[in-house]
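Novice: Given next are the chains, with one letter for each unit.
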Amino acid sequence: MIRVTRRLEFSAAHFYHNPNLSAEENRRIFGKCNNLHGHGHNYVLEVTVAGEPDPATGMVLDLKELKDILQREVAERLDHRHLNYEVPELAGQIPTCENVARLIWQLLEPKINQGRLDRVRVYESPDLFADCTAEADGQPVGAVGE
Amino acid sequence: MSRLLKLSLTRRYRFAASHRLYSPAFSEQENQRLYGKCGNPYGHGHNYILEVTLSAPVDPQTGMVANLGELDPFVEREILEPFDQKYLNEQVDEFRASVPTAENLCREIYRRLEKFPAARLERVRIEETSNNSFEYAG
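Here the protein sequences line up with chains A and B, keeping their order. Quick note: the first sequence uses the numbering used here, first residue -1, plus one each step. Quick note: the second sequence uses the numbering used here, first residue 343, plus one each step.
Check each hint, because a few of them may be wrong.
Unchecked claim - Chain A side only, calculated, beta carbon under 8 Å to chain B, not exhaustive:
| # | residue |
| --- | --- |
| 1 | 27 |
| 2 | 84 |
| 3 | 85 |
| 4 | 86 |
| 5 | 100 |
| 6 | 125 |
| 7 | 129 |
| 8 | 133 |
It is worth saying that the hints were derived from the structure and are not from the lab. C-beta atoms are modelled at their ideal positions from N, C-alpha and C, and glycine is treated no differently.
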């Protein structure tokens, strides 16, 4: 099996605030990420697709197609957006890199039909990233909007 | 559609420390053969990069696997404070009895971080230099 990884950068704003908690609890749990004006990151997405290379093409998948899928599903939704206000799929969720990674998995998984989605890694900064993978000890998650 | 998805969070930290690779269990000649210039008697140092990977069900209240407000102070107390700007051979008790290779450093860091109460420690990864990295997953 071969794993192929494609990167995409996008920039977005967010803040962390849970309306079910008091202002004081929000400050305690989220610290400066609770600044309600928001702040931003240069996110780096790494999408890994696993599979056997097609013997005719030598490729697991057509990277041009993956690039188009990433542009359509991820960049157009998230790039230069405010994740709290402009991404309906994240409504009701705190837009952490964990939740962003899970959303991107949910968006990409049904679109990838050559190879299979192996890992979604979202860097919020060079020192912090979340990985989303399908694992037997994972949590049940439906499709976007389910 | 329903899948079992696992989320993990990885945080990178940095510390600088010196060490010397030398084992009294071996002769001088054996030490020289095994460790080469890493056995220089005065020691040498590295800018270590530590990657800590945790997993847990994402808390719907916070959207998080682990809160950095808890993880950062924990790593600071358990690892950075005792290791940063230190001579590992003499200033970290564990390495009085074992050679402070990056392999042993991975295991010692894993042992210390395994106690983090809020998420499962998946993996510790150390870059000793940009050419050498080491991982330990328990």
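Novice: Hints broken by the structure, by number, lowest first?
Specialist: Hints 2, 3 and 4 not satisfied by this model.
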